[in-house]
Amino acid sequence: QKEVEQNSGPLSVPEGAIASLNCTYSDRGSQSFFWYRQYSGKSPELIMFIYSNGDKEDGRFTAQLNKASQYVSLLIRDSQPSDSATYLCAPHRGSGGSNYKLTFGKGTLLTVNP
Amino acid sequence: AAGVIQSPRHLIKEKRETATLKCYPIPRHDTVYWYQQGPGQDPQFLISFYEKMQSDKGSIPDRFSAQQFSDYHSELNMSSLELGDSALYFCASSLGLAGSSYEQYFGPGTRLTVT
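As they're listed, the protein sequences go chains S and H.
Position one of the first sequence corresponds to residue 21 (the numbering used here), numbered consecutively onward.
Position one of the second sequence corresponds to residue -5 (the numbering used here), numbered consecutively onward.
Note that these hints are calculated values from the structure, not bench results.
The reader is advised that the hints may include incorrect statements.
Derived DEER-like restraints, expressed as beta-carbon distance ranges [to be verified]: (1) H:R10 to S:G79: 48 to 54 Å; (2) S:P134 to H:E69: 25 to 31 Å; (3) H:T14 to S:K76: 38 to 44 Å; (4) H:Q61 to S:Q100: 40 to 46 Å; (5) H:G34 to S:G74: 31 to 37 Å; (6) H:F63 to S:L66: 36 to 42 Å; (7) H:Q35 to S:G74: 29 to 35 Å; (8) H:G34 to S:Q90: 38 to 44 Å; (9) H:R57 to S:K62: 25 to 31 Å; (10) H:M47 to S:K76: 17 to 23 Å; (11) S:G74 to H:E11: 50 to 56 Å; (12) H:D65 to S:G36: 44 to 50 Å.
Which chain S residues stay away from chain H? Per the calculated CB distances, all over 12 Å, these [claimed, not checked]: (13) A37; (14) I38; (15) R80; (16) P101; (17) A110.
Idealized CB from N, CA, C, for every residue including glycine.
In isolation and in its complexed conformation, chain H is listed as follows (with noise of 0.2 Å):
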């Protein structure tokens, strides 16, 4: 079955410089979820989309934006990068209807390292 792609699997940057991470959910789910997971942390969970607008929000730097897209991927939009933004970034989806279980997969995960 098809998961969650997420790329790239690997990203170092430098401070101060900018990053995007992309996000494609699981064919027909039609929400996008964010999550930023520190070195022995659980998951933080950044922000979410249903239908292409905003539906949650959490602990997402003003730095971070996203958004999705028509064909339903999303991305996330890191700016001025600082040390403390090096974590795994997790994109999960599900499908969000009325009765539905909403069940959370989540893509291999983004690694970004900033220098």
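Next up, chain S with everything else stripped away, as it sits in the complex (with noise of 0.2 Å):
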């Protein structure tokens, strides 16, 4: 089992409607859940992050985290052509006094259609 697995993309919205973005993960130690999005040939950008099991709203974006299941969404609403990217998950452990690598997931690809 891949240590993070995303829904395969490419994924295609029309503007205005909600994206969803799902991730699982097999490390339990992980504690921290971060989504990054990335345009092609720029650098991953940070837009949500996650720690507590529910829900984190942050504007258009939502965050859904269930450590039982292992599982971490990303639901973006009222999608953007702007949204088209590349979303990645990535869990982290994270210690305190000692910093552990982020492990991506192969990311989707979004593309949101005017």
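Need the complex rebuilt from these two chains, each delivered in its own frame; the hints are there to steer you.
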């Protein structure tokens, strides 16, 4: 089983719709979960992080975490063409004083059609 | 707000040459990470430093070495370059304190092309 698996893309949604991006992870020691957006040829941009079970909302973005199911998702409401990018899920162990790598999923390519 | 700075942004080298990539973290960030991203691939972790000490190591070739200096900037040294080293190299930084969420912020990357 891969450490991080994301729903295979590409995902195409019409402008204004809700885009749903899913991620499962195998490391039960993961404490924090990050969602990055990456435009082609650019660096990953942190858009959300969550560390408690439940939902976390930030503007049009909602992250949902279920540690028992080892599942984290990202919902993008009112999708815009500018949201078209690859979305990377990255669990993180987190430890005081010593920091750990991010292990990324393969990413989901999202295309929002005008 | 200040971001992670990487230099150079683009680098072209020939096989068997050496390259040095530099990373300046966000002010007050004490942890630096290096990632390599090949074409069509997700970023792969290479190595990280916390308070100038190596804190974690990933799939970094023996031909590569890195260090973090007293001002927290980091350098990735790559020797005997191979064609397969052509990739985007990202540096990220975070604040590594207990209780932190450890968010990593990425620099713009260095595009290395080996010919």
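Here is what the structure says about each hint:
{"no.": "1", "hint": "H:R10 to S:G79: 48 to 54 Å", "result": "holds (49 Å)"}
{"no.": "2", "hint": "S:P134 to H:E69: 25 to 31 Å", "result": "violated (44 Å)"}
{"no.": "3", "hint": "H:T14 to S:K76: 38 to 44 Å", "result": "holds (40 Å)"}
{"no.": "4", "hint": "H:Q61 to S:Q100: 40 to 46 Å", "result": "holds (42 Å)"}
{"no.": "5", "hint": "H:G34 to S:G74: 31 to 37 Å", "result": "holds (34 Å)"}
{"no.": "6", "hint": "H:F63 to S:L66: 36 to 42 Å", "result": "violated (25 Å)"}
{"no.": "7", "hint": "H:Q35 to S:G74: 29 to 35 Å", "result": "holds (32 Å)"}
{"no.": "8", "hint": "H:G34 to S:Q90: 38 to 44 Å", "result": "violated (26 Å)"}
{"no.": "9", "hint": "H:R57 to S:K62: 25 to 31 Å", "result": "holds (27 Å)"}
{"no.": "10", "hint": "H:M47 to S:K76: 17 to 23 Å", "result": "violated (33 Å)"}
{"no.": "11", "hint": "S:G74 to H:E11: 50 to 56 Å", "result": "holds (51 Å)"}
{"no.": "12", "hint": "H:D65 to S:G36: 44 to 50 Å", "result": "holds (47 Å)"}
{"no.": "13", "hint": "A37", "result": "holds (26 Å)"}
{"no.": "14", "hint": "I38", "result": "holds (24 Å)"}
{"no.": "15", "hint": "R80", "result": "holds (19 Å)"}
{"no.": "16", "hint": "P101", "result": "holds (22 Å)"}
{"no.": "17", "hint": "A110", "result": "violated (8 Å)"}
In terms of the numbered hints stated before, the structure departs from hints 2, 6, 8, 10 and 17, listed from lowest to highest.
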